[in-house]
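Trainee: One letter stands for each residue in the lines below.
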Amino acid sequence: MVELGRYSLYMLLLFCPAAMIVAIAGARLQRPQWVQSAERATYACFLLLSIAMVGLAVAMLTNRFDIAFVVSNSTREQPWPFKLAVWGGQEGSLLLWAWMLGLMAALAVYQNRNRNRTLMPWVVVSMMANLLFFAVILCFVSNPFAPLPEGHMMSNGRGMNPLLQHPAMLAHPPLLYMGFVSFAVPFSFALAALVTGELGTSWFRTTRRWTLAAWFFLGIGIMLGGRWAYEVLGWGGYWAWDPVENASLLPWLAGTAYLHSVMIQEKRGMLKIWNLALIGLTYSLCIFGTFLTRSGIVQSVHAFANAEWFGMLFLFYVLAIVATFTILLIWRAPQLRSQSRLDSIASREASFLMNNYLFMALIVVILLGTLWPAITEQMTGARVQAGPPFFQRFAGPISLILLLLTGIGPLIAWRRATLTNLRKSFLWPASFACGVGALLLIGGLRTFYPWAFLTLGAFVVGTIWEEYYRGVRVRMRRGEGVAEAFFELLRRNQRRYAGYIVHLSVVLMFVGFAGATFDLESTRLLRPGEKWDLGNYTVEYRGVQPLDHPHYAGAMARLALWHDGAPVGILTPEKRFYFQQNTPATLPAVSSTLSEDFYVILTGLEADQSVSLKAFINPLVNWIWIGGFVFIVGNTLLLWRLPERKQTAEREVG
Amino acid sequence: MMRRALLSLAFALACTWALPIHAGSIVGKVVHSSGERDVSGLTVKLFAADSKGGFSTSETKTTKQGEFQFADLAPTRPYGVYVEYRDIMFPAEFVEFKPEQPDETRSVELTIQDPSEDDSKVQLFEARTVVDRGEAGSYRVQQIFYMTNLGETVVYAKDPAGSLFDIGLLPKHEGVEAIQATANQLSPARLEVEGDRARYRGPVFPGIQTLEVVYEVDAGGPDLASQLEFLTQTPQFVLMVPDRRQAVYAQGLYPSMQSGQREPAGYQYFRGYDIAPGTRVDLRIEAIPEPAASAVVAAATIGLLLFGLCVFVGMPIANDLRGTAPSSAPDKPLSASDLLVASLRDLEHDYEMGKISEADRDQLRRELQREAVIEMARQREAEAKSLSPAKLKAAGTEVGAFCPSCGGATSHDDRFCRSCGTKL
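Protein sequence lines, in the order shown, are assigned to chains H and S. Read in the numbering used here, the first sequence has 249 at position 249, and its numbers run on one by one without any break. Read in the numbering used here, the second sequence has 352 at position 352, and its numbers run on one by one without any break.
For the record, the hints were derived by calculation from the structure and aren't laboratory data. Check each hint, because a few of them may be wrong.
[To be verified] Some chain H residues close to chain S (C-beta under 7 Å, calculated; not the full set):
id: 1; residue: Gln33
id: 2; residue: Trp34
id: 3; residue: Gly269
id: 4; residue: Arg415
id: 5; residue: Arg576
id: 6; residue: Phe579
id: 7; residue: Gly604
Being a predicted model, the structure only gives us computed values, none of them experimental. A virtual CB, placed ideally from N, CA and C, is assigned to each residue, including glycine.
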């Protein structure tokens, strides 16, 4: 099976170009059977990649320590779920990426086997061109089946980085990759629309759900990464503005902008060029993120060790994508003129447009900050890092306005809003927000950003409530009960009302982010029996016990915790040293409530059993994870349509 | 004639005598750390590397004041100056003559001290064993001990018969023979090797030192099955075996990477930490045979897979070229009415919620219908391109017009809209 997997990768070099050539020939010569062959080649590529994935999994499970990747990423003792987590290493992660791309290509082809026949040959060409790039990388640059030097064989491997051996890591990278890769489908349809001139609504209607799914997976992946960093890395935070974190955020922001602006095209036939450009930008940023991770041009905790030219391959790939898409877009621009124009600045179109500008500004700032070390190195010879304060300085005000627009957008009317309309829609949410703002001020909150985020968050919650309330009232006028009216409202306007749930999740996350302003951090050396007061908490150090494990050694401190004088429990932060990887790890202990986390790490242990502790009080941090859960609920409702009541009910496609 | 020759010889000799002699000198003094001990008559040795890779040595004795001198030293390679005191060779001072000042006199000072018997500051911090396969059934085992003396005094074992470190290797393994034992910079005489055991009694100077013992082990075959025995508390142990297709089983040790190493290179590493005296680690090294001839099966499977996929992919083209292709499935375009219906539904909802005026609703509705009509016309055109004339005619009866109320697609025969039921 392993050998089969190895050679399956090489077979991709036959079937990917074959699919592209036959698809182009089929499209040019108007031979549908040839296009069908190209589509079959797409299925074949997916089958080959699946065989390669299974082959690598078998190699990992059967301890094939004659394969360099298995040696570097597995041991005989490694639990099987982590053996199967092949994305822990460079080669495996690229294979997973390629497999997902193959899966997406096969699904897109299957979904459109009887429709979009003009677009499909070019969709196949685009998907297979992307896949061919990865196939070349996998075969010649970063082959997961590459053997050790001739005659070499290890009796055991070095194993996966222990920091990665965490349940969140089983889901975080695949979800991120799924998000990145899924954007290839809307990108390919957009590209096909540009090539064929089929610039109507088909391409974005067909890919609406693909885009949503990609955006959803990427969002969940980013959030799981934050949760993993919080629980495992032991630095007290969840987001460090690390270049690779930023690289995953950039396409998500571009995707968010697209999901909003495409609604203007749906309803008003406007922003056609902009929407195409946005989907091109989103996918380019996905690949750019991979380039950042694998090129070594930025220093990151996530970065893979690679030669510079390896990154150059990805840079070439990104540039090729951007250049191709831009040329096609310029070529087709005359056919993409809008039928409508912006009627008023007080309209939903305008608020969505403003939202897009702000997302673009945020993308530019984050991109600039991420690349700043590389830019300064080129200009001055010295790398200057753009730290969190740089990002926060710009992201703060932009996010604030975005939050305001999150409230305004849903309530304001299409085309133009009248004063009466505005007063009617915003009176209650604005009053609620003012009330909350005043209460926060009375309560002693005098710091601008958290106050503004919480007040605007209240405004958004008010608008969401207003939308649901008025919607239910409208349905109740038709004689429906409250519950029936609520579910009918959700079912008949599922996209809109599920979208509001996603907005609610964003508000909840901003509540968590706002809490970060009040984070408290302190370090202390404690002798056994000594107490330490921090905020409303008291910690008593009750001793340390050694950790004796087959794979690591270390120490675990026992800390009794009180909050406002009431006992909370025993916390046990750990410091470990993993033998196999020569890697230390700091495992925090956390006491969580909805209002705050008490987060403590063991930073050092002295000969007299004194321990050095670092503690953080992170207010409201759990609202971020709650927001994440609501984000999943909202997106699930967006993606899975509730059953229709009537046979004749309209179907929504895409 | 004879006289002329003698004169020439005398002139040549005179010239030789007059030429500068490139030879430096080392003058030095031995000082006792306490400043009170007699430092006269101590042996001072001079080591110099020769051009053949060996060493040349010379020695002298100190004067009453502890002074010594080595003269006529050619500016070749670095010289090492050692002093021997109470059977201990104290660490060297090194002197190198610069080519531009070859005949300079350099002075050195050598400090000696009485050895201490307090071994509390002497620690072994790492032991390293390298096991490599040698000639026909033999293994070459190299043991390196890294020890540190955190004090300021040279340390010796208390008991002349005792030792600071006991080094065990392959207990009760027959055919073990030490072939080389060196204690870097130290007195080799203090390292006693017998069979598979070595004892080191000191001295251990302040700082870090290494101790190395190399054994030849007759394994009796290509595989080695033995034990490593630890006689001294070992904070960190590293076993290194070249990764030449040999499986290494070292029970209780952890396979690992060398620091900073990501990819496998050269050796298989196994580490152990805080190993107590008396610990024995089973060690097996077995050659891994080349894989059996499953390559044929693999090649056949790969060939079959490739053939199957080629047939699967190529079949539609082959059918097309032969003219036996079944008619391809008709293109079912996304109905523009779906989008229109959803948008109209949203519009109505906004109107009912009081978000838009009636005039705006009507205007937006017209815009949506116009967009849908354009889209459907575009789709029909695309469809027409892909259909034969007969099918086109048939299709013409299928797609008729659009509902004026909801924009849904209708056929010419329809009397009511299929989507909203409006009379047409």
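Trainee: Run every hint past the structure and note whether it holds.
Mentor: Results of checking the hints against the structure:
Taking 7 Å as the C-beta cut-off, the interface hint given for Gln33 (chain H) holds, the closest approach to chain S being about 4 Å. About 6 Å separates the beta-carbon of Trp34 (chain H) from the nearest beta-carbon of chain S, less than 7 Å, and the hint is met. The restraint placing Gly269 (chain H) at the interface with chain S holds, with a minimum CB-CB distance near 5 Å, inside the 7 Å limit. The beta carbon of Arg415 (chain H) is positioned within 7 Å of a beta carbon in chain S (closest approach about 5 Å), and the interface hint is therefore held.
A cut of 7 Å between beta carbons decides the hint on Arg576 (chain H): the least distance to chain S is about 13 Å, and the hint is violated. For the restraint placing Phe579 (chain H) at the interface with chain S, the shortest Cβ-Cβ distance is roughly 4 Å, inside the 7 Å limit, so the hint holds. With a least beta-carbon distance of about 19 Å to chain S, the hint placing Gly604 (chain H) at the interface is violated under the 7 Å criterion.
This entry does not satisfy hints 5, 7, going by the numbered hints stated previously.
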